[in-house]
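*Asks:* Construct the complete structure from the given sequences, taking the supplied hints into account.
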Amino acid sequence: MNQQRSLAALEQDPAVGQHEDVMVLNMGPSHPAMHGTVRMVLTLDGETVVKCDPEIGYLHRGFAKQCEVATWTQVFPYTDRLNYVSPILNNLGYAHAVEQMLELELPARCNYVRTVMGEVSRICDHFTAIGAGALELGAMSAFLYAIEARDLIWDLVEEVTGARLTISYARIGGLKYDLTDDFEERWASIEPRLYETLKIVDQLATKNRVFMDRMEGTGAISAEDAISYGFTGPCLRSAGVAYDIRKDAPYFAYGEVDFEVPVGTKGDNYDRYLVRMAEVEQSIRIIRQCLRNMPDGAIMVDDPHVALPEKDVVYNSIEGMINHFKIIFEGIQVPAGEIYSATEAGNGELGFYIVSNGTGQPWRLRVRPPCFYMMGGIDRMLEGAMIADIIPTFDTINMIGGEIDR
Amino acid sequence: MPTLTINGKEVTVPRGTPVIRAAAMLGFNIPHFCYHPALSAPANCRMCLVEIERARKLEPACYAKCGDGMVVHTESEKVKVARRAVLEFILVNHPVDCPICDQAGECKLQDYYMAYDAEPSRLRTSKVGKSKVFPIGPHVVYDGERCILCTRCVRFCDQITGTSELAVVQRGDDSTIGTFPGRELDNAYSMNVTDICPVGALTTRDFRFKCRVWLLSSTDSICTGCSRGCNVHLEHFQGEVQRYRPRFNPEVNEYWMCDEGRLSYKQIHARRNVTLRVGDKSDLGWPRSARTFGALAKDRIGAGGDGVAFVASPLATTEGLYAGRKYAETVLGAKRFYVGGRADGDADAFLIRADKNPNRAGVTAVFGELPGVDALLDDMAAGRVRALWLMGTELAFDDAQRARFTELVQKLDLFVVQSLHDDALLAHADAVFPAASHAELEGTYINEQGHVQQVYKALEPEGPSRSDAEIFIRLAKGADQPFAFTDVDGIRAELYDSGAEA
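Protein chains in written order, with the working numbering: chain L, 209 to 614; chain H, 4 to 505.
To be clear, the hints were calculated from the coordinates, so they are not data collected in a lab. For glycine and all other residues, C-beta sits at the position ideal for the given N, C-alpha and C. Any given hint could be a false lead.
Claimed, not checked - Selected chain L positions facing chain H (Cβ under 10 Å, derived; list incomplete):
no.: 1; residue: H268
no.: 2; residue: I507
no.: 3; residue: D511
no.: 4; residue: L516
no.: 5; residue: P517
no.: 6; residue: V521
no.: 7; residue: N524
no.: 8; residue: G528
no.: 9; residue: K534
As the list claims (entries may be wrong) - Derived coverage of chain H by chain L (criterion: at least 3 residues anywhere in the stretch with Cβ under 8 Å from a Cβ of chain L; other residues may be distant):
no.: 10; region: 101-109
no.: 11; region: 117-124
no.: 12; region: 189-197
Unchecked claim - Calculated from the model, a selection of chain L residues having no Cβ within reach of chain H, i.e. all distances over 12 Å:
no.: 13; residue: D261
no.: 14; residue: S349
no.: 15; residue: E432
no.: 16; residue: M502
*Replies:* This is the structure we're talking about:
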């Protein structure tokens with residue numbers, strides 16, 4: 209044991225304060241900024257990150273395996289828990305994949321309602337990402353305003369779906385509920401407040417010197433690198449690549465509405481923040497157009513092999529009873545085959561790779577969550593950065609523990 | 004040998020083959036209710052109608068015989084419309100019973116409705132009511148409303164058992180399956196009608212409301228009720244066997260099994276012996292019990308000799324018997340071998356055999372011909388036996404013999420019982436080893452025809468019980484004379500090498 213030396217003695221020793229070796233530091237998994245689900249093994253030279261080695265796997269529920277023992281419909285609650293900030297988008301992405309295997313033609317109203325609820329969910333996702341990101345840089349007020357906006361949206365979602373977080377709103381071939389009668393009214397009442405909130409957050413953060421210093425130029429990635437890592441969503445668009453599945457391969461009602469795909473230039477934290485802010489506005493535009501052009505009609509396909517019959521038919525006729533029984537106990541019979549289907553979720557391309565063997569349960573189901581690939585590229589974004597840059601970078605890629613469940 | 008074309012594929016079949024079989028050979032499944040391969044084809048359900056070119060109208064595929072140059076379509080639009088119509092007609096009077104029906108989940112009506120109809124009801128009047136929950140026999144309940152009058156059950160009683168208890172009575176809407184006055188469905192194979200009933204009209208009283216069928220796991224097994232060894236699906240849920248269903252084996256039982264055998268699954272869980280005891284110690288666990296018993300046996304009988312007897316069980320698997328013989332000869336040093344087992348019972352000319360033990364042929368294959376328990380009792384009374392290993396407490400004694408036997412075992416130097424079930428004899432034993440049932444082990448039985456039939460492990464052994472083979476392997480190890488094999492596969496390798504298998 210070294211003998212303890214006085215502070216004065218230490219100050220005079222020329223060797224103290226000099227370092228030659230790098231230091232290895234574990235950040236997380238119990239670090240609040242790591243969400244309890246990620247560990248970063250940092251190799252530090254002083255405060256500079258020499259190497260950053262992210263480790264996932266602290267959250268593992270076996271999503272893919274669970275789905276193999278559930279019927280096609282029973283998978284929905286599991287998808288809620290992928291990106292739990294925008295569960296509807298996951299529900300819809302999964303439903304869309306299975307519907308393509310079944311070659312279903314959805315009613316027009318279903319597509320419009322899905323678009324509306326999906327965009328509502330996206331606004332919620334972006335507000336949460338922006339707010340929480342600001343909070344971790346110390347901007348408490350911006351966070352509170354963003355969360356207020358999110359709460360308004362959750363009230364709306366609750367009114368339609370009956371739940372706030374674990375929603376399971378989609379069904380194969382349609383939706384669980386139609387929009388409420390007063391949905392347009394409710395939307396009209398919260399829309400101005402959402403704009404207002406966006407403006408307040410903008411005033412609080414966008415030109416804030418401290419915020420800019422932390423965000424600008426940090427965690428940057430080039431368009432080339434971003435594509436090669438498989439980045440999608442706001443993270444890719446912030447680097448200047450206008451890739452948005454809603455635009456490039458339209459589904460639901462996205463082909464029939466007018467909206468822009470905001471892009472950045474530098475691919476740094478600041479651009480990612482700005483892209484999200486701009487996307488909220490675009491989402492509001494989409495919702496407004498959809499509500500204006502909302503067609504009448506059913507929200508479920510009219511196919512007894514997919515849609516459950518009405519309850520009074522189930523209880524009062526053997527035909528309805530058998531129909532209900534077979535769908536509930538054996539599941540919807542999806543033809544054998546495989547598919548990769550992707551939709552634009554809050555963080556980017558949410559893909560489902562599904563193999564069916566022609567029974568009522570998926571044979572294999574793998575999810576391609578958007579932020580898994582951002583986590584794969586974070587070491588590149590943080591190379592040579594300061595420790596303090598880890599926090600905003602980790603926030604703007606919007607890592608969601610539920611999605612990177614591996 | 005006519006050659007015909009079905010859905011564009013050509014097939015050559017023996018003369019007299021119904022179209023439905025020829026289609027099945029090509030992989031085309033034609034839906035049917037009344038047709039059963041083991042029964043005659045009355046073509047009354049009309050579900051299997053197919054289009055045969057140049058025929059005047061649609062023909063039932065179960066009844067129409069294949070002809071040379073026939074061109075058959077099983078999925079044409081006409082056929083589909085006909086199937087929909089047939090199903091709608093059958094469902095008109097069908098009650099909304101799925102939630103309370105034992106057949107739900109394995110019901111052909113459900114399967115076919117979804118596959119071939121899926122149209123909503125157009126019924127605007129009330130359904131015709133009929134008798135429900137009618138006990139048509141000691142083991143079977145009949146529900147007239149669910150019945151689609153396919154007459155499979157009637158033909159089963161006419162053509163398979165030859166007892167003809169059932170008939171269709173009344174006419175038109177009122178038609179129902181009934182027994183002749185004063186009779187009931189009480190033949191020894193009555194529960195087979197519940198298997199062949201395509202809907203939930205006939206259900207077994209034993210399985211009624213016991214378990215939903217989609218919860219069951221199924222394991223291939225063998226009925227151990229008699230020496231016929233009927234092949235069964237052993238169906239279990241949460242560690243408990245819920246029912247047997249006959250498994251098709253054209254060599255042994257075809258599609259059928261007897262009622263007594265079907266209910267014999269209950270013995271798997273009833274009165275189980277779960278005592279592992281050596282001397283007065285019943286809390287040692289297997290490894291210490293095996294060592295303690297090794298020492299005890301050495302102390303009581305030394306290296307064995309003429310006074311050491313071993314009673315083999317014809318209820319055990321061949322592998323268990325082989326391990327038992329090896330243990331008895333090399334570890335115990337037994338010189339006297341007997342065969343136990345259940346007493347003979349009723350027999351008939353179909354499936355039921357008088358020998359109620361599933362593996363007597365296995366005993367003969369492993370040990371050769373052995374004297375029975377009467378000889379054992381004589382030898383014990385004459386003092387020629389001083390130590391006895393009893394494999395299975397099933398012994399064909401009458402009351403007086405059993406009392407005498409119970410008295411005699413108490414005078415032995417060493418008395419060991421290895422049994423599946425609890426028994427009064429266990430109290431007098433110096434050591435008790437609990438055996439696993441055939442649902443809890445892997446092994447083979449040799450039936451009276453000489454077929455070697457395998458059972459597979461469906462459940463974990465109850466409590467400390469272990470398969471016969473494992474018991475002997477453990478005890479041999481406990482006596483420091485371990486066998487070369489350590490599992491069933493090892494036993495089989497040795498068994499087949501030695502050529503002992505029948």
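*Asks:* Have a go at the G528/L hint: is there a Cβ in chain H nearer than 10 Å to its own Cβ?
*Replies:* 7 Å, holds
*Asks:* Does the interface hint hold: is V521/L within less than 10 Å of chain H, judged Cβ to Cβ?
*Replies:* 7 Å, holds
*Asks:* Tell me if the interface restraint on N524/L is satisfied: Cβ within less than 10 Å of some Cβ in chain H.
*Replies:* For N524/L, the interface hint holds, since the closest Cβ of chain H sits about 7 Å away, which is under 10 Å.
*Asks:* Is it correct that the beta-carbon of S349/L has no partner in chain H closer than or equal to 12 Å?
*Replies:* 56 Å, holds
*Asks:* Using a Cβ cutoff of 8 Å, are there at least 3 residues of the region 189-197 of chain H near chain L, or does the coverage claim fail?
*Replies:* violated (count 0)
*Asks:* With 10 Å as the cut and Cβ atoms as the points, is D511/L at the interface with chain H?
*Replies:* Status holds, d = 9 Å.
*Asks:* Under the criterion of a CB-CB separation shorter than 10 Å, is I507/L in contact with chain H as hinted?
*Replies:* It is violated, given that the least Cβ distance between I507/L and chain H is near 19 Å, above 10 Å.
*Asks:* Verify this for me: three or more residues of the region 117-124 of chain H with a beta carbon less than 8 Å from a beta carbon of chain L.
*Replies:* Result for this restraint: holds, n = 6.
*Asks:* Does the nearest C-beta of chain H fall within a distance shorter than 10 Å of the C-beta of L516/L?
*Replies:* 13 Å, violated
*Asks:* Does H268/L hold up as a contact with chain H if the rule is Cβ-Cβ below 10 Å?
*Replies:* For H268/L, the interface hint is violated, since the closest Cβ of chain H sits about 27 Å away, which is over 10 Å.
*Asks:* Checking a non-interface call: every C-beta of chain H should be farther than 12 Å from the C-beta of E432/L. Is that right?
*Replies:* 52 Å, holds
*Asks:* At least three residues with a C-beta closer than 8 Å to a C-beta of chain L: is that true for the region 101-109 of chain H?
*Replies:* Coverage by chain L holds here, the residue count being 4 at a Cβ distance below 8 Å.
Violated hints, listed in ascending order, are 1, 2, 4, 12; each of the other numbered hints is respected by the structure.
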